[in-house]
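Participant: Going by my numbering, the sequence shown runs without a break in its numbering and finishes at 416.
Please keep in mind that the hints were generated in silico from the structure rather than gathered at the bench. Remember, predicted model here, so these are calculated numbers, not experimental data. There may be inaccurate statements among the hints.
To be verified - Pair ranges (Cβ atoms, derived):
1) Gly294 with Phe249: 35 to 45 Å
2) Val244 with Ser407: 14 to 24 Å
3) Pro314 with Tyr362: 18 to 28 Å
4) Phe349 with Asp241: 43 to 53 Å
5) His357 with Leu272: 27 to 37 Å
6) Ala313 with Thr246: 37 to 47 Å
Note that beta-carbon positions come from the ideal geometry of N, C-alpha and C, so glycine has one too.
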Amino acid sequence: MADGSQADYEVLTPLFEEHARSALVDNLVSMLAMLRGPLLGYQIDRYDHSLQSATRAHRNGERIDLVIGALLHDVADAFAPENHSDAAAALLAPYVDDETHWVIKHHGIFQGYYYFHHLGGDRHARDRYADSPYFDACVQFCAEYDQNCFDPNYDSMTLDNFRPMLDEVFARPSRVPGIAPLA
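Taking the hints into account, I'd like the entire structure generated from these sequences.
Facilitator: In structure tokens form, the structure reads like this:
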């Protein structure tokens with residue numbers, strides 16, 4: 234890359250941007266599909282959990298960023314189980330608002346409120362973030378769109394219902410500083 238000229242990058246950049254934009258949502262959908270399968274002791278798999286989470290957020294009138302955040306909050310479970318919250322937030326960061334990014338990044342520790350104490354942990358571990366302006370939003374996200382989204386009888390929307398929202402969010406110019414926008 235050090236030997237590349239401005240002319241080289243003027244040719245390469247639009248090709249990369251076109252490819253990235255055309256493949257991004259399809260790649261995220263493929264990542265969601267990886268969550269199908271093992272129940273891991275729950276009554277539904279992570280794929281259905283994700284659809285249920287997004288459906289509840291959508292039906293509750295949440296803004297599109299949070300609905301897509303709900304859909305993708307566990308998308309990294311299959312390849313980053315120990316830090317899936319960070320990985321999902323990193324995927325969303327260039328495209329969603331700050332609150333949604335923060336909520337998804339921290340939902341793992343906040344979700345621990347419901348079970349850490351059963352495993353000898355601190356259910357109040359989330360309190361270290363009490364000074365964040367997004368603390369209450371993350372508490373609400375976990376209460377309304379995560380811990381209760383394992384209901385096998387819930388009538389979730391299909392992934393196809395969320396596709397236009399995915400397309401809208403991921404068509405936005407990147408919000409990440411220092412990165413050439415993909416638009």
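Participant: Taking each numbered hint in turn, which are not upheld by the structure, reported in ascending numerical order?
Facilitator: The structure conflicts with hint 6 only, although it agrees with all the remaining ones.
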